[in-house]
Amino acid sequence: MNYILLIPPISGAIIGWITNYVAIKLLFRPHRPVHILGLKIQGVIPKRRKEIARSIARAIEKDLLSSEDLANALGGLDWEKEIEKVVEEAVEHKFSGRVHRLPVVSLLSDNIKSQIKFIITKEILRQVDRNKGAFASKLKDRVDIKEMLVSRIDKLDLKRFEGLLTEFIARELKHLEILGGVMGFLIGVAQSAFTYFLG
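Numbering (our numbering), first residue to last: -7 to 191.
The set of hints was computed from the structure by calculation and includes no laboratory data.
One should not assume that every hint holds.
[As the list claims (entries may be wrong)] Listed below are the simulated DSS-like cross-link pairs for lysine-lysine, each with C-alpha atoms no more than 25 Å apart in a straight line:
#1 Lys17 / Lys114
#2 Lys138 / Lys151
#3 Lys151 / Lys42
#4 Lys39 / Lys151
#5 Lys77 / Lys17
#6 Lys73 / Lys114
Assemble the whole structure, with the sequences as input and the hints as a guide.
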């Protein structure tokens, strides 16, 4: 067996893998622009960070969570029990404090006091329920999920940003590295076969 024929496939696989590995790294590096021989070199992802942030935010808002979705979710929540508990505690606190010390209130029976607290609580709950839809509508108008995400992503440190992206696409990047090796190997095999049959 002519072992020299193994050199092209093996070297092709190594070169293919290294080439793709370096190409993937160059997507992220250098983080800052570097001038070499009059050329400005910077990683594609750091250079187009704002565009990428907008694309990610747009995809999330479109397919996962929009301001309208958030407003609809809040509008559909049953807040009554939680709000009733908070309101009852607040009213009870007021009645057991300064209000209880008022001469007129001190003359009232416990039953009447309970009725007053019940009426106040129910009225507050009624107002909250009535305005829940308006609150959700205002939330939809004022909260811009996309811009909020763009702002958060844009404030990330470049290394953290790189880490998040590679975390999401780590498997795909690894496949690209392997694919480079496989393609290099196949080209090497073709080269060896060509040499063998012509030799």
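Okay, the hints, checked on the actual structure:
Only pairs whose Cα atoms come within 25 Å are accepted, and Lys17 paired with Lys114 is rejected, the gap being roughly 62 Å. Annotation: proposed proximity of Lys138 to Lys151 holds, straight-line Cα distance about 22 Å (limit 25 Å). About 15 Å separates the Cα atoms of Lys151 and Lys42, which keeps this hinted pair within 25 Å; it holds. Only pairs whose Cα atoms come within 25 Å are accepted, and Lys39 paired with Lys151 is accepted, the gap being roughly 13 Å.
At roughly 56 Å between alpha-carbon atoms, Lys77 and Lys17 are farther apart than 25 Å, so this suggested pair is violated. Among the hinted pairs, Lys73 with Lys114 is consistent with the structure: their alpha-carbon atoms are about 11 Å apart, no more than 25 Å.
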